[in-house]
Amino acid sequence: MSVQTWTYILVGITFAIYIGIAIWSRAGSTKDFYIAGGGVSPLANGMATAADWMSAASFISMAGIIAFAGYDGSVYLMGWTGGYVLLALLLAPYLRKFGKFTVPDFIGDRYYSKVARIVAVFCALIVSFTYVAGQMRGVGVVFSRFLEVDINTGVIIGMIIVLFYAVLGGMKGITYTQVAQYCVLIFAFMVPAIFISIQMTGNPIPQLGMGSTLNDGSGTYLLEKLNGLSTELGFAEYTSGSKSIIDVFAITLALMVGTAGLPHVIVRFFTVKRVKDARKSAGIALLLIAILYTTAPAVAVFAKTNLINTVSEQPYREMPEWFKNWEVTGLLKFDDKNNDGIINYTSDKGNNELTVDNDIMVLANPEIADLPAWVIALVAAGGLAAALSTAAGLLLVISASVSHDLIKKIFIPTISDKGELWAARLSATVAVVIAGYFGINPPGFVAAVVALAFGLAAASFFPAIVLGIFYKKMNKEGAIAGMVVGISLMLFYMAKFKLGWLGEIPDSSEWWFGISPEGFGSVAMVANFIVSLTIMRFTPPPPQEVQDIVEKIRIPSGAGEATQH
Amino acid sequence: MDNQEKQQNASAYWKENVRYLFILLSIWFVVSYGAGILFKDALDSIQIGGFKLGFWFAQQGSIYVFVVLIFVYVRLMNKLDKKYGYDE
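Going down the list, the sequences are from chains F and Y.
With the working numbering applied, the first sequence corresponds to residues 1 to 565, in that order.
With the working numbering applied, the second sequence corresponds to residues 1001 to 1088, in that order.
For the record, the hints were derived by calculation from the structure and aren't laboratory data.
Just to be clear, a hint being listed does not mean it is correct.
Okay, derived cross-link-like pairs now, BS3-like style, lysine-lysine, Cα gap no bigger than 25 Å in a straight line [unchecked claim]:
no.	chain 1	residue 1	chain 2	residue 2
1	F	Lys97	Y	Lys1006
2	F	Lys473	Y	Lys1082
3	F	Lys349	F	Lys337
4	F	Lys473	Y	Lys1006
5	F	Lys273	F	Lys473
Based on the sequences and whatever the hints tell you, model everything.
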């Protein structure tokens, strides 16, 4: 069977499963819709969190980015896993004990203020929309290559699917679909990785294969070989990287703290029964995430070595089938500058003739390694699972922010449960349409946009929540000022140095402290902390009953069920 | 327990909790920011198999330690909950 047929079959089966689960677990109340009824087991929650977490960026782009960035790519590996330690130790158990539906719920109640709630809602919306745009784009990329439709049609198909199960099932539908999606995506990621690891090093475990000797009888270590190939072509050594230490440090910190501050991740810990379940499911989630995250750097090394071996200094007309396939999508470009018919791949921009988009490394990897057709199709199904599961989780946060935090808590407090459920469904629908628009007209390539969402989350939520739990005397004036300053500073830096909204994008030598926009979230977070703590000193302390709430959330027993008031 | 005892129990529990957090987060910092970033170049002079040690910490080792840290935390806290009667 051809790759095409296999893709239709596998994608068709997985989509049927997702829709089946969505119908079976549709939401009957707002509690079902926001927190899946509050009775999800730690294992199911861990799996759902992992699928929610591992986005199109993790599945499709990350290994590719690492393949081209080498050591510099470590920022994503450490950043997107280390945040779970912060989440498990500093946030999840206490937020679960607090027992509300959304992150703005916590901010609004802990800081006894409608203004704080509204600021938090806007932060949640900005963060989630930035993030979801990247997901829809990822869906489009996968559809366009494997189903041979254009990227925009791909985005629209993706929108319809997500719309179906997010609107119908809410958090309950999403959680159980995500459990299935985790299985699909991890299987789809591991199978080709194991195949290629055996092919190149003889070791079936990619994590070890990466550090083994090559299978060709030379006795050279794979990483040594790749370092050699990279320097030969004029690039930096693969294991060294070229970013400054301070920038690597700042990006890693921004991604870690951002992870812990992302509303769609935090909200997952509201769905379990007890505080100890929240801790445990954070551990399970990270374990399941780590399987992919420790494999990705191995895939990066395999793919990069394979790519260089296949294309470098080879005649264009002898290129394999996959080369032509990816040229059609525009993600792989060959420009024969010296007209010798040979592909010159080098770090020198003037002579380099090959441009490879980060995104295709994982998708093209099985083809480059000449794996069977069903494996290639499996990767397509996995990429879709990753993108859809994250998009659905984000849409839920967006719809809950609007229907619960704005409509129910601010505008129409008398709305009935049924009415609120319909409002939630309606806002999910609107959110899908907006996300689809961003997917079709993306503000940048997938991972860049996603990385900035972390900066925004780090700059706004993390300090407010941590201070809210660990510092009883933190008051509303301090928290609100901190959030506003943090997120504004981050937005300003993004606009100036990344998006070019304030005139031409300045040279990287003008970065503040030498820190890139991706890493600036850590600076904005520090600013948030400083502003919060300073303003707090000059304003009245929080009322006694709020300080009592803080005492209560520090004790794990008696969490009960999440409630509205 | 009367109210005052309850209060004391709660603050003793919180103190121990914060001490655990401090220790675990120090390890978290050392394996990632320490071994994987700040001292990466120095550790790279040590080679284990095909891996330079600093590079290994940045792309593999730190992640393994993160997973272990959370499960250690879960165990410690479950014990602590029992010790102070907050288990359920």
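Could you check the structure against the hints above and give me the numbers of any it violates, in ascending order?
Failing hints, ascending: 2 and 5.
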